[in-house]
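Okay, here's what each chain looks like letter by letter:
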Amino acid sequence: MKDVLSKTKIAMILCLGLFLVSCSSDSGKTLRKSVVKVFATTQNVDYYEPWKPGAQIPLKGCGTIISGKRILTTAHLVNKANYIEIQKFGQTKRYVAKVEQVGFDLDLALLTVEDDDFFTDTKPVEYGDLPNPGAKLVIQGGDELSIKEDSVSNMEMVWGTEVAREVPAILTNGVIDAANDGCPVFSDGKFVGIPFESTGKPDKTGSIIPINVVQRFFKGIQNSHAYDGFPDLGFFTEDLENPALRNYFKISPKQTGEIITKIFYGGSADGLLKEGDVLTGIDGYPVDDEGYINLKKIGRLPECYLATFYLMGEKISLDILRDGKALNIKMPLKPISELLTFRPDNRHPTYLVMAGFVFVPLTANYFSTTNWENFKPELQDLYYHGLPSAQQKQVVLISHVLPHEINKGYDKINNVIVKKVNGVPITEMKDLLKAFQNPVNGYDVIEVDDHDWYGSTIIVDAAKVKKATGEIMDIFKIQADRSPDLK
Amino acid sequence: MRPINKKAAIIHGFFLLALFFIGSTSSWAGDDPLQKSLVKIFTTVQEPNFYEPWRIGSQQYMSGSGCVIVGNRILTNAHVVSNAIFIEVLKEGDSQKYIAKREFVAHDCDLAILKVDDPKFFKGTAPVTFGDLPFKRDKVAVYGFPVGGEELSITEGVVSRIELSTYAHSSRYLMDVQTDAAINPGNSGGPVFKDKKMIGVAFQGYNAVIAQNTGFFVPMPIVKRFLKAIKKGSYQGVPALGIYHQSMENDSLRAYYGLKPNQTGALITEVLYQSSAWNKLQVNDVLLSIDGFKVANDGTISFRKGERIGFQYPLGLHQIGDKMKLKILRDKKPLTLTVTLKDDIRLVPLVQYDTKPTYFIFDGLVFTPFNSNYPGINKDTPPELKALYFHGLPSKDHKQIILINHILSNAINRGYDSRFGNSIVTKVNGHNISDMKDLIAAFADPKDGHHSIEIEKAKDAGTIMILDAAKSQKATEEILGKYGVPSDRSDDLK
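Keeping their order, the protein sequence lines are chains A and B.
For the first sequence, the numbering used here assigns the number 1 to the initial residue and increments by one for each residue that follows.
For the second sequence, the numbering used here assigns the number 488 to the initial residue and increments by one for each residue that follows.
If we strip away everything but chain A, and leave its shape as in the complex, we get (with noise of 0.2 angstroms):
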């Protein structure tokens, strides 16, 4: 959840502090034009009781104006938002704008206003080409327009906080804050770049999602076409540094590659590879012992920075050693497989209620209803290291209970994982609705992974429990007994 209140001041210090900047600068007048302010009314979601609206929050950024009356902007801003308005620089009207797409995973959304008087005296930016390392950067925006210089590092793939995965971003050698969200990054007066949110990069260094990426984001919406995400190859490796490990596997001194340790069910390479393979090339890339591609200009990168260009089921060139025979392969790309998503747009998150049990599905954004502590630590793993299997598509938790007569004994369950309703295996949401129409012997029979204190066998009167929902949903002022995609 943002901290609105220490962003907004962290944006006025900034702003006092570059103000002298944004006075002297030339080429910021004509940037201007590009760039609009973002108000955003947003409502959080309530993970924890999910059939509650969460609080409204009002949110400040900035878009960019690009070519065919689009904004550009950061998809946290917008995504969760019920209202939004822009404004142009130096002026007071607002108008109505909407979002068109959303690219969840790179923390992107363009947004369209109807009212086309907005764009009169506006410049859609000019696309410039990815920045070389060392390369000055100009950053536009602010609370009132303001400019903050900057130069680049170099690209790296970044654990983006507001997307909860790792995407390429270029890492910058000064701070950029919340106070730059969705603000347009430029270098010798062209489009580079938005500023990004992401944790594990050095202190006082700021990231970049850069051109190339956007661009990609571009390319996933061509002809209205819903974005989809960018796609993930699938697999766990390992190095390879060890004379006796590259011996084991067959490698040849003058050979490079990982080892494909883990393929992830139902993601791209599951099918397609197998655990022990060695993977040598990647997109024509030779792949090192550490697992990155050496790429012209940009540099060392990891070898999953190429997937994240492929649009879903673009095919991408695999060279492995099997068994120390060359092969390749044209692996199609599938989306990421997790067993716990992250949803940052998730409006309507999974609930079912029954007989005032709270089932929710463990995702990451759910991490967030207590401190971390209180999870248990198995909890705590499956975020870690939760893969998705045939029989765990997702990990189903009865997260609290609503205490009323039919729960009687079983009211301080909380945070339990859902083995079996009924006999049935659950391996996601949908399988408990399956499972509750057939009870044992006229009781309800939930199994649960809980040797805590609480136990791990719930039995309930499968016929009083329509009535006691019922009551239950009354007495805790609840609408539905489930969310809409379970109906």
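Hints in this document: simulated from the structure, not taken from any laboratory.
Quick caveat, the model's predicted, so the values are computed rather than measured.
Keep in mind that the hints are not guaranteed to be accurate.
[What the hints assert, rightly or not] Heads up, simulated BS3-like pairs for lysine-lysine below, C-alpha to C-alpha not over 30 angstroms straight-line: (1) B:886 with A:262; (2) A:330 with A:250; (3) B:958 with A:325; (4) B:829 with B:819; (5) A:466 with B:747; (6) A:88 with A:136; (7) A:420 with B:819; (8) A:123 with A:69; (9) B:866 with A:201; (10) A:408 with A:52; (11) A:93 with A:80; (12) B:829 with B:981; (13) A:262 with B:914; (14) A:262 with B:814; (15) B:718 with A:420; (16) B:820 with A:420; (17) B:792 with A:419; (18) B:718 with B:607; (19) A:412 with B:781; (20) B:810 with B:914; (21) B:819 with A:464; (22) B:588 with B:523; (23) B:958 with A:254; (24) B:981 with B:958; (25) A:408 with B:792; (26) A:250 with B:914; (27) B:820 with A:408; (28) B:924 with A:262; (29) A:123 with A:136.
[What the hints assert, rightly or not] Selected chain A positions facing chain B (in silico; Cβ < 10 angstroms): (30) 236; (31) 333; (32) 335; (33) 376; (34) 441.
Ideal placement from N, C-alpha and C gives every residue a C-beta, glycine not left out.
Chain B: place on chain A using the hints.
Only chain B this time, still in chain A's reference frame:
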């Protein structure tokens, strides 16, 4: 429902009542005859080093309290003398310290017996008289040498609560008594009196940030069981049943398992491999009574009129090898069983004291069984290890968790860096690894000139390590020399 999880909440709250040593002066015993049993205990402690198990840990100086009991023995807490390499005792009113030795140490119930070879020590002392379990609001006095001064300190209060709770020293779930008499660091091992009779041994308290006026003592039923256990000449632990259970407060749950309206019990949800209940009790049995006590739907028994306590209570009164009668409901039919009581069984052993850590070094990989000392259970413990510590179940193929503790870097293991540390070993050279003995045996059987080590869940590192078998012997010797490790394995594996 086994309370080991409660430890997580409590471990930071409890402090054990041994006191770091400051100094001592002599004093004269007053008229109070109870004071003649009081002993101050000074220890030099050397903690083992579980990270580099071949190394000796640092020394610490601590003090605690104790009392003289019949037979010229001193009764104190186990944690006062744990890992002690040198112990001295000073009787109240004396100025001369005597050297003491540990005769028996019971870590599970946090009690210990010391002996003093010099018979002069016991001259003028008077052993305590044993009392019984008190009732709530009974007035009690705590004697000892807590922080705040040098002389004997006496504090008074009432009995606040009697129940089962977690002993911080061992994480075992046993009866203790709570009092509002001040109990502070240094009181550990000191006697608690009621009507001039000893009714317990002060042993733990809460950090004042969490709760005030809450001190705890080990009550006489636990002390008496300990004294009985050592009669054989060696200490055997407090038995455990080896089950997980859940309460049966829900009507449908009781009906489903066939309990009649007048029947109550606890549902058995797990039976631990090779525990007392193994091959006797089954999952889905309902425990109706234990050792003659009727089990209520909330898992309690009535141990005195109007007083309830967890059903595990009678286990703390028995010895290992004792028989215990259980009444259960299996498939809705009543059944009476007799179990032979065994020690507590766990996949991850509880904190170890007075032992040298087990380790085995192969090509610079330091293997240790995962126990509660290492890597230590705190907020930084990797969640997969924490999950095993709290909920891991032992099985035939999984008697211990073997970890690659860390790696002593050298040419033979290059490429396998710190990311491989703290990872769980599943197979070596194709053999399943269920304990340290399996590990050593498996390394004697390389395949095609390679040692292969398979590990679990090293997501960003890998899952397999291969080592050149031909170079192993030499590499291990070289690494031991370089890192100053006296032996490739601990004494217990030789």
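For the pair we were handed, residue 88 of chain A and residue 136 of chain A, check the Cα-Cα distance against 30 angstroms. holds, 26 angstroms
Between the alpha carbons of residue 466 of chain A and residue 747 of chain B, is the straight-line distance 30 angstroms or under? holds, 26 angstroms
Pairwise hint evaluation, residue 250 of chain A against residue 330 of chain A, where the allowed Cα distance is 30 angstroms at most: Judged against 30 angstroms, a Cα distance of about 23 angstroms means the pair holds.
Measure nothing beyond the straight line between the CA atoms of residue 958 of chain B and residue 254 of chain A; if it is 30 angstroms or shorter, mark the hint as holding. The given pair, whose Cα atoms are some 22 angstroms apart, holds under the 30 angstroms limit.
Within 30 angstroms, alpha carbon to alpha carbon, are residue 886 of chain B and residue 262 of chain A? holds, 27 angstroms
Under the criterion that the straight-line Cα-Cα distance not exceed 30 angstroms, is the pair residue 420 of chain A, residue 819 of chain B satisfied? holds, 22 angstroms
Residue 718 of chain B paired with residue 607 of chain B [C-alpha distance capped at 30 angstroms]: holds, 25 angstroms
Straight-line alpha-carbon gap residue 866 of chain B to residue 201 of chain A, limit 30 angstroms: holds, 24 angstroms
Given the hinted pair residue 819 of chain B and residue 464 of chain A, is their Cα-Cα distance within 30 angstroms? The given pair, whose Cα atoms are some 23 angstroms apart, holds under the 30 angstroms limit.
Run the distance test for residue 792 of chain B versus residue 419 of chain A: straight-line Cα separation, threshold 30 angstroms. Given pair residue 792 of chain B, residue 419 of chain A is violated - Cα atoms ~41 angstroms apart, limit 30 angstroms.
Mind checking the alpha carbons of residue 93 of chain A and residue 80 of chain A for me, to see if they're no more than 30 angstroms apart? holds, 23 angstroms
Hinted pair, alpha-carbon criterion (30 angstroms max): residue 408 of chain A, residue 792 of chain B. Please report holds or violated. With a Cα-Cα distance of about 27 angstroms, the restraint between residue 408 of chain A and residue 792 of chain B holds, given a limit of 30 angstroms.
In this structure, the hints that do not hold are numbers 14, 15, 17, 20, 31 and 32, in rising order.
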